[in-house]
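The primary structure of each chain is shown beneath.
2 protein chains.
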Amino acid sequence: MTYEFKGWAGYDEKAADGGLKYEAFEPKVFEEDDVDVKILYCGICGSDASVLAGEFGPIEAGRVAGHEIVGEVVRVGAQSGGLAVGDVVGIGAQTDSCLACEFCDAHKEQYCATPTLTFGSPYVRGKSAGTMCKGGFATTWRGPAHFAIKLPAGLDPAAAAPLFCGGVTVYTPLKRWGAGPGKRVGVLGIGGLGHMAIQIAKAMGADVTAISRGSGKEADARKLGASKYIATGADLAADFAPHARSLDLIISTINPPKVDVAAYLALLRPEGAFVLVGAVVEPITFHSFPLITGAVSVGGSNTGSPDEIRELLALVASHPEAAPWVQKWAFEDINKALPEFNKGAPRYRFVLANTENGAKL
Amino acid sequence: MTYEFKGWAGYDEKAADGGLKYEAFEPKVFEEDDVDVKILYCGICGSDASVLAGEFGPIEAGRVAGHEIVGEVVRVGAQSGGLAVGDVVGIGAQTDSCLACEFCDAHKEQYCATPTLTFGSPYVRGKSAGTMCKGGFATTWRGPAHFAIKLPAGLDPAAAAPLFCGGVTVYTPLKRWGAGPGKRVGVLGIGGLGHMAIQIAKAMGADVTAISRGSGKEADARKLGASKYIATGADLAADFAPHARSLDLIISTINPPKVDVAAYLALLRPEGAFVLVGAVVEPITFHSFPLITGAVSVGGSNTGSPDEIRELLALVASHPEAAPWVQKWAFEDINKALPEFNKGAPRYRFVLANTENGAKL
Chain A
1 MTYEFKGWAG YDEKAADGGL KYEAFEPKVF EEDDVDVKIL YCGICGSDAS VLAGEFGPIE
61 AGRVAGHEIV GEVVRVGAQS GGLAVGDVVG IGAQTDSCLA CEFCDAHKEQ YCATPTLTFG
121 SPYVRGKSAG TMCKGGFATT WRGPAHFAIK LPAGLDPAAA APLFCGGVTV YTPLKRWGAG
181 PGKRVGVLGI GGLGHMAIQI AKAMGADVTA ISRGSGKEAD ARKLGASKYI ATGADLAADF
241 APHARSLDLI ISTINPPKVD VAAYLALLRP EGAFVLVGAV VEPITFHSFP LITGAVSVGG
301 SNTGSPDEIR ELLALVASHP EAAPWVQKWA FEDINKALPE FNKGAPRYRF VLANTENGAK
361 L
Chain B
1 MTYEFKGWAG YDEKAADGGL KYEAFEPKVF EEDDVDVKIL YCGICGSDAS VLAGEFGPIE
61 AGRVAGHEIV GEVVRVGAQS GGLAVGDVVG IGAQTDSCLA CEFCDAHKEQ YCATPTLTFG
121 SPYVRGKSAG TMCKGGFATT WRGPAHFAIK LPAGLDPAAA APLFCGGVTV YTPLKRWGAG
181 PGKRVGVLGI GGLGHMAIQI AKAMGADVTA ISRGSGKEAD ARKLGASKYI ATGADLAADF
241 APHARSLDLI ISTINPPKVD VAAYLALLRP EGAFVLVGAV VEPITFHSFP LITGAVSVGG
301 SNTGSPDEIR ELLALVASHP EAAPWVQKWA FEDINKALPE FNKGAPRYRF VLANTENGAK
361 L
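One line per chain: the protein sequences are A and B, in this order. When we follow this note's numbering, the leftmost residue of the first sequence carries the number 1, and every step to the right adds one. When we follow this note's numbering, the leftmost residue of the second sequence carries the number 1, and every step to the right adds one.
Don't read these hints as lab results, they were simulated from the structure. Quick caveat: nothing in here was measured; it's all calculated off a predicted structure. Each statement offered as a hint is correct.
Here are a few chain A residues that sit away from chain B, every Cβ distance over 12 Å (derived from the structure): (1) Phe30; (2) Asp33; (3) Ala61; (4) Glu72; (5) Leu83; (6) Gly86; (7) Val88; (8) Asp156; (9) Gly180; (10) Gly216; (11) Arg222; (12) Ala234; (13) Ala237; (14) Asp333.
Derived pair list, reagent style SDA-like, types lysine to any residue, alpha-carbon separation capped at 20 Å: (15) B:Lys258 - A:Glu282; (16) A:Lys183 - B:Glu102; (17) B:Lys183 - A:Cys101; (18) B:Lys108 - A:Pro290; (19) B:Lys258 - A:Phe286; (20) B:Lys108 - A:Asp248; (21) B:Lys108 - A:Thr293; (22) A:Lys258 - B:Pro283; (23) B:Lys108 - A:Gly178; (24) B:Lys258 - B:Val280; (25) B:Lys183 - A:Arg176; (26) B:Lys175 - B:Ala106; (27) A:Lys175 - B:Arg269; (28) B:Lys183 - A:Ala106; (29) B:Lys183 - A:Glu102; (30) A:Lys183 - B:His107; (31) B:Lys360 - B:Glu332; (32) A:Lys258 - B:His287; (33) A:Lys175 - B:Pro270; (34) A:Lys183 - B:Lys108.
Quick reminder that beta carbons are idealized off the backbone N, C-alpha and C, glycines included.
Work out the full structure: start from the sequences and follow the hints.
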């Protein structure tokens, strides 16, 4: 089988709004622990847009983003970890790590001090160390089999794609803070991550409260699995007063310039946590006294490991109602999809589908 | 046996510096679930000084603070929970709660929405509801047996007193965040709470790093059980650079006007927590990005329950080296002890000893 390596490449900070160029690229050197994956689907995540807009720093010419990848294995090396040609696998936000440190050994690869991020950072080991990796807005992905995770039976591959970044990003803190039966979980913001957080928390057995501006998304939130909905307006303290001390955990998926964390802390039960997975530009500010008297925390969480992705895939495979709501775009229309994404149009995740590779629109 | 109710009462905000007046007071109505305790020892805690200085709000005339009490039971009611005259018991920062809510039912009385605080707040139930309680800078304590905890054998009663507030205040977060073998715990500040945090974390099996200004307290920190010491100066970021990602948990016992939380977050390993037990006046401010990439948290913790006090007493009884370092003052010298306390003189806890009641100086 022959296949090519071509992708939608960013060249300047306007790329986020649809200025990507379709072009061939040189993949990393194939090594015995690598696989080649013919890409079927790739989700569009907020951090792809941020990276292409230069918000995480200047990008090199030819940056290929995309990190919610699902595709078919077309080549394996001698140490490809049991993967076989024809397997359907996915790759998330992390493409590689040192595989030698205590965190990699503990199957917490996301904490490795030298991760390779799929939307573009250098490989840290092997013959291609130092060269930039290429992401999922492409025809083919090549990389370590360790980070290519086989889909379980019963999972629609297009709907599965967003689980590999957005999904595991909310699953990891939900698991870490004990979401399950008897736990009251708030999800702040109903977008790509938020809608998955509602679904996943519900699938884990938690009672879910969605928190969003106005009531426009209430019907969707309830369909996604929320039993309660708090519509916010101009005065959070007033909005939250009837719900004081009602939640064990809040997953904050929003990323406005500023978040009034103190207002959200009032929603937490003792020993509760407000956990940010969406970055906020301005510093977070709150008084220590309510933190101490309420015995609450403000935390952050950063994607998940291959093992955590596997757990999440199994959970969603056994809870079909928790599959992300995706809207498919033709792979070749990425420059139309990105501006729509940036307008907030997804309900709730855009996924590119490469029909030439066999994807279904 | 006859005994009187007399205490050292505060009347204005200068009281913290030693303007307390010794006078008789009317105790609460004795109820069948109460005990009377002849006070032998009472620790002096920072929050006593703060309360007497009006920092937590104006105080009523005749406020009796003191909430690290150890004494001998001299009267029991019919429902005094198995306590008997002659038992040596202690009372911490909490004197009562509703005993009916979900938190009280779950033995987490510190989270009851209507706690009665020993250094002065109103009773919430029974015949004395609405009247102010009286604390431990007194000859006798009267209150619910539920909050009077029997000392286990082998614990020196004077050294045990500080465990009832300062000790359990650091024990509770150490336990909640998993301090034990294999855990690297940082203790920020070596004062009343900090010195107990080092001892207790060490007794729990953790590896302890003490963090303090300069190196004046290094020798003490090591004697208390710290295996490492980080001396801080004017540039925290530089001081901490060699120790980046080295600690699982930091218990912050300091209460300066301002804390540079961001600098301390750099010390945390992934999933680590910076937990404040000392209040800080100015708002806490940090950027969300390191919180997310490091998967770390900033939390608070608020004293502990009677059950947690019992656990701590058992731990220290079985680890005699973890008994607090106390300096005794005669009960009648409280107005001399308070100004010394406010100068930072304790090494590391002042305890009042009432020799007329049988205490030993």
